[in-house]
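In terms of the UniProt record's numbering, the sequence shown has 4 at position 4, counting the first letter as 1, and numbering is strictly consecutive.
No lab work stands behind these hints: they were computed from the structure.
Just so we're clear, the structure is a prediction, and the values are computed from it rather than from any experiment.
It is possible that some hints are incorrect.
Said to hold, decoys possible - Here are the simulated DSS-like pairs of lysine-lysine, each with C-alpha atoms no more than 25 Å apart in a straight line:
# : residue 1 : residue 2
1 : Lys151    : Lys136
2 : Lys151    : Lys141
3 : Lys238    : Lys4
4 : Lys237    : Lys4
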Amino acid sequence: MDEKIREIGRGERVDGMDLMDRLVRSSYWSELGSYQQNKGLNKGGLSRDDIRGNAFVMLDAGHETSAGVIHFILLELAYNPESQRRLQRDVDEICGDRDPSSWDYESVISPRMASMLGACMSETLRVTPAIVEIPKKVPSKQGEVITIDSKNYLVPSKTVISLVAVSVHRNSRYWPGRPSLIHDGKDDINDWVPERWYRKSRGSTARATESKGASSEDEEFGGYEVLIQAHNCLRQKKARSFILAMDRDHASADGLLR
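Using the sequences and the hints given, assemble the complete structure.
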């Protein structure tokens, strides 16, 4: 933070989205574009503790949810040896024998998102969401018109709606299911099946509920992605890197027996 303050004092600017630079600049840079060297903080600006706190929230908070996702992925893989083998094949194909220090996001993390690794992560978040409830509130100035089964409904302004992730992620209306291989006579909506992320949609009715002004470009297969939309977590890319870049090695037959 002190380095950023000195950079601003020298009139230097950083290209791109540097969060620390933005936080410091909002407090130490005047409306006229000059450094507040003598006057200290701008009126209403963030204090040093405020800047540190906001930087932590935006850059580091949430590491425990990433650890929780990894924990549940490992538990599910322990019960699914075939998924373990398929995941290991994808890791070997994408990474080979390269040193992890040579990895970069585009060549490693992006391909992993489209592999069994990404499927395991997404399926674990579906079955065991990191965020169990997502609150939404209708704008106070006007209501919101939503369409359900071709009928329009007006939701009054200031209405608070809680989206329960576990229920959304296990709703057969939005998630196409197949006969369960574990529970006779039931579908696999409650089962951990990462392969479902490779399936082709068979007439899903997810578009039956729409909001006025909503764009279909924001829709992705799955619940938690759709719920986030434009208000995406600043750390999502970093969280994915934490989860997908974790070293994994398939146990040998002797190791499994032990």
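Structure-based check of each hint:
For the proposed pair Lys151 and Lys136, the alpha carbon gap of about 21 Å is at most 25 Å, so the pair holds. For the given pair, Lys151 sits about 23 Å from Lys141 by alpha-carbon distance, which is consistent with the 25 Å threshold. Restraint check for Lys238 and Lys4: the C-alpha separation of about 22 Å stays at or below 25 Å, so the hint holds. Taking the CA atoms of Lys237 and Lys4, the gap is about 24 Å. The hint holds against a cut of 25 Å.
Hint violations for this structure: none, all hints satisfied.
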